[in-house]
Structures are given as structure tokens and as C-alpha cells.
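Colleague: Read off the chains here:
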Amino acid sequence: MKTETPNERRRFLLSIARGIGLSAMGALVWSAYVGEVKAAPLVLRPPGALDEAEFIKNCIKCGLCVEACPYDTLILARPGDNLPMGTPYFTPRSVPCYMCTDIPCVPVCPSGALNELSVTSYVKNKAVLDINKAHMGLAVVDENSCIATWGIQCDACYRACPLLGEAITIEHSKNDRTGKHAFLKPVVHPDQCTGCGLCEHACVTEIAAIHILPRALAMGKVGDHYIKGWDKEDEKRLEGASIEVTKTKISEKSALDSLNDEGGL
Amino acid sequence: MKNYRYLLLRRLTQISLLVLYVGANIWGWKVLQGNLSSSSVLGVVPLSDPYAVMQIAVTGASFGMDILLGALIVALFYGVIGGRAFCSWVCPINMITDTAAWLRRVLKFSEVQKRFYMSRSLRYWILGLSLILSALMGVAVFELISPISMAHRGLIFGMGMGGGALAVIFLFDLLVHENGWCGYICPLGATHSLIGKFSLIRVWHDAPKCTDCRSCITVCPEKEVLHMINRSSESVIMGECTNCGRCVDVCQEDALRFSIRSFTKQPKDEE
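Chain order of the listed sequences is C and A.
For what it's worth, this note's numbering labels the leading residue of the first sequence as 18, then goes sequentially.
For what it's worth, this note's numbering labels the leading residue of the second sequence as 7, then goes sequentially.
Misleading hints may appear alongside valid ones.
Said to hold, decoys possible - Computed from the model, here is a short list of chain A residues facing chain C with C-beta under 8 Å:
id	residue
1	G40
2	D72
3	F163
FYI, nobody ran anything at the bench for these hints, they're computed from the structure.
Don't be surprised by glycine CBs; every beta carbon is placed ideally from N, CA and C.
Working from the sequences, and respecting the hints, build out all of it.
Modeller: The structure is reproduced here in C-alpha cells:
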């Protein structure tokens with residue numbers, strides 16, 4: 018048997034240490050870059066897209082959805098777009114989603130990043146694609162720059178909406194400035210709004226006063242602590258509610274004892 | 007012409023595939039849609055990049071059956087027949103790195119430049135690292151920086167600033183290291199080396215015909231695989247061989263040709 022000289026052993030250990038060190042260096046640089054580029058919250062995905070974190074895991078960046086889109090709405094993020102490279106997105110102010118009823122972009126997705134089930138409805142127990150179930154984003158109105166809220170008559174977004182009267186309705190209120198006119202303000206309904214962006218595309222102001230935001234950015238969440246007690250449907254939300262009770266120094270004893278003990282009374 | 011047979015065939019294959027992909031996006035041809043990450047042949051057969059699917063799988067994504075099936079078809083094809091042919095017959099980067107390598111030879115860079123050391127196994131480390139990072143970061147990390155998909159997507163869907171990445175590879179191969187990208191760094195090539203390790207179509211070296219002119223070694227992008235030149239008659243079996251056929255093209259003595267993998271080998275002296 019050949020015995021190793023200390024020199025060879027040292028060389029062996031050093032080469033392993035070097036490999037590990039270089040890998041760690043590469044990993045740090047690489048993950049820093051990836052961390053930067055995948056954090057792009059302001060991106061609108063095609064219909065049926067999974068939540069952003071899951072979408073980014075699944076999408077293989079093949080562009081089949083882009084090729085299927087008849088309006089050239091979808092674009093694959095190019096280097097320089099500062100979005101996760103190669104993933105599909107759209108910019109409604111340039112080209113909105115025209116909500117094709119056969120949703121050609123979704124069934125072609127090979128990776129499951131666009132989930133057909135999320136845009137499927139059942140009519141007489143038969144599955145049919147239903148673009149109205151899409152939630153690509155949510156229209157948000159900037160009342161400051163919406164001329165309808167100034168009292169100038171404009172219903173461009175309302176008329177452009179493919180779910181006219183459902184996703185956007187017009188709210189009437191009195192115009193106190195003139196005393197004889199009405200404000201006709203657009204109001205967006207998040208449950209119906211698909212985020213197609215036809216409203217943003219149609220908006221007449223220089224920069225659209227109604228624009229589509231990713232739903233995760235535009236929407237809040239009530240949580241378990243408040244329900245609509247007058248609404249049987251809303252009470253269902255409590256079924257999965259957490260029963261966690263926090264204990265602080267004050268709540269260790271019952272409320273009464275805790276109050277009675279206060280200040281040694 | 008004989009000296010360029012496989013080179014021309016490869017360029018023809020690379021360019022025809024590109025034309026089919028571009029035609030799918032611009033004119034709606036159905037022959038080959040998508041890109042090298044995942045495609046659909048005639049709208050029916052899925053093809054997917056096995057390495058991309060591996061990265062997606064380790065993120066824990068609930069991915070679709072189509073890309074899994076596509077990756078299996080591709081892996082099976084190269085694993086049984088083609089070897090690492092993807093790199094030299096399909097990958098669009100090959101045209102860039104071949105140009106850089108050719109220019110290097112013409113300008114005699116390797117003669118004046120001191121080589122700095124890079125290990126041929128670096129690509130396998132990068133491959134391993136990419137899988138670990140994909141699992142940790144929850145996203146296919148190489149797909150976010152891959153100049154291969156960047157180039158291919160760029161040609162089909164619009165390049166953006168992607169030209170910069172291609173220039174980096176060209177300059178790296180030209181000025182820093184001969185065959186630096188494909189031969190040392192690219193983890194997709196490494197994946198194909200592993201997939202094609204046992205594939206059947208191989209270059210056969212007929213040692214008795216060899217005059218030891220070394221032309222094959224000069225043009226070979228993976229010189230280690232030709233260790234048997236002028237020593238023994240055997241198949242080039244290392245997975246790193248890209249089956250590009252340049253050695254076959256340049257050999258004036260017909261000592262190299264494509265054939266079915268052979269498991270025998272015979273030292274030159276014994277014949």
C-alpha cells in the first residue's frame with residue numbers, strides 16, 4: 018500500500034477546501050442576482066396563472082402562450098425588461114387582454130404555470146373554459162386624476178369593460194359645486210374584475226387614471242378577527258379560523274382577578 | 007467540400023430548426039412551436055429541456071405532465087442515439103462559440119496567450135450548484151441567466167438587451183479561454199454529457215490509418231475525448247464528445263468516421 022506524504026494529503030484537503038470555497042462564492046453571487054430579478058411584484062401574468070411565487074417555479078419560459086395569443090398581448094420578458102427573464106407578461110396600456118372566450122393561451126401551457134382549472138366553469142356538468150373567472154389583476158382608480166370624479170362626464174372605462182355593469186359600475190352622487198349636476202364615478206368590483214386592462218387601455222387621461230395592479234398588491238385581507246355577522250355566507254370563513262389565544266402578563270389570570278390585583282388593591 | 011460535410015450539415019440543422027421556431031411565432035406554423043426550453047411538435051408531441059425540468063422539479067413545483075413527458079422524450083433520444091449532439095447540432099450558442107474558436111485559431115491566440123487554469127469538471131460543479139440553488143430559492147436559477155435560452159428566445163420573441171450576453175460569451179471564448187463556455191462552464195452541456203454517456207452513435211478511430219497529423223485534435227472542442235488518437239482503434243466513448251463530426255471532416259486519412267458504439271479496442275502496435 019502506498020502511504021500518502023503529508024504534502025499530498027495537504028494538497029488533497031486544500032483542493033477540497035478550494036472547491037467548497039469557490040462553490041460558496043458562486044452560490045452567493047448567483048443567489049444575489051436571482052433574488053433581485055425574481056422580486057418583481059409589478060408584473061401582470063396571463064389568465065389562469067398560478068400565484069406569482071408558484072408561477073415562477075413552474076413556468077419553463079417556452080413562449081407557447083405568447084404564440085397562442087392572437088392579439089400579441091403577451092410578451093416574454095426580455096433581458097433589460099427588469100422582470101424574471103423569459104416569463105410571459107402583458108402591459109394593458111399598450112395591449113390589454115381581449116378575453117378570448119376559448120382562452121387559447123392557457124391550454125397550450127405545458128408546465129402547469131397557467132392552470133386551466135382556475136378558468137374552467139361547469140355548465141350542465143360539462144367543463145367549459147370561462148375567461149370571466151380569470152384574475153390577472155385588479156383595476157384601481159386614482160380618483161385624483163379621474164376626470165369623472167371632477168364632474169366631467171366620462172365613462173370610457175365603464176364602456177370598455179367586457180363585464181359591463183358587473184366589474185365596473187357607475188356611482189351617482191350630487192355635485193355640490195354646481196348644485197345641479199351629478200358625479201358619475203366608476204367603481205371597480207374585485208370579485209368580478211378579471212384584470213384584463215381594457216379600461217386602462219381606454220382611459221382618456223395622459224397617464225391612465227384607472228390601472229391594473231397585481232391582485233396581491235392591490236388587495237388587503239380582513240383575516241379571522243372580523244366577520245359580517247349579518248351574512249351567513251361570511252360566517253363560513255370562520256370554519257378554518259385559528260383558535261390561537263395569546264397570553265401576556267396581564268391575561269395570565271382571569272380578567273376580573275387581573276383587575277382586582279392591580280396596584281395591590 | 008468533403009472537409010466541411012458535417013460542419014455544413016450541422017449549420018443546416020441549426021438554422022432550419024431556428025427557421026421553424028421563428029416561423030411558428032411570426033407566421034403561425036405548427037411544425038415546431040415554442041423554444042428550446044419546451045416545444046410542441048405539430049401541436050401534439052411535447053419536447054422539453056431535461057435540465058430545465060430538473061431545476062423546476064427541485065423547486066417543488068407541481069409541474070405539468072407535458073414537460074415531464076417532453077423531457078423524457080428528449081432524454082431518451084439523446085441518451086440512446088444522439089449523445090451530446092444537442093450542443094453541436096441544435097444549440098444556437100454553438101455558432102457563436104465555433105466562430106470564436108475558429109477566430110482564435112486563425113489569429114493564433116493560443117500561441118501567444120498564457121492559459122489560465124480552468125477545470126473541465128467546473129461545469130459539473132455548476133450543474134450541482136444550480137440544482138441546490140433552485141431548491142433553496144424556489145425558482146429555476148440557471149433558466150434565469152441562461153444565455154442559451156436568452157439567445158434562442160431572443161431570436162424568436164425579440165432580443166432586448168440579450169445581445170450583450172451573447173457578446174460576453176463570444177469575447178470570453180475568444181479572449182479568455184478556448185472553448186471556455188461550452189467546454190468548461192455550460193451546465194446544460196454537462197447535463198447532455200451525462201445523458202448521452204451511453205449513447206450509440208459514436209466516432210470510431212481507426213488507428214492503423216492514422217498518420218498522427220493532429221488536425222482532429224486542433225479542431226476538437228473537447229480535446230480530452232480524443233485520447234486514443236494514433237494509439238488504439240476504438241470508439242470515442244466519453245460523454246463530453248459533442249458528435250460534431252469536425253474531426254471526421256478534417257481527417258485526410260479516413261481514420262475517423264461515425265459508427266455504432268463499439269465496446270472493443272485494439273492498440274495500434276498489435277495490428
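Colleague: If a hint holds in the structure, say so; if it does not, say that too.
Modeller: Against the structure, the hints come out as follows:
no. : hint : in the structure
1   : G40  : 4 Å, holds
2   : D72  : 4 Å, holds
3   : F163 : 5 Å, holds
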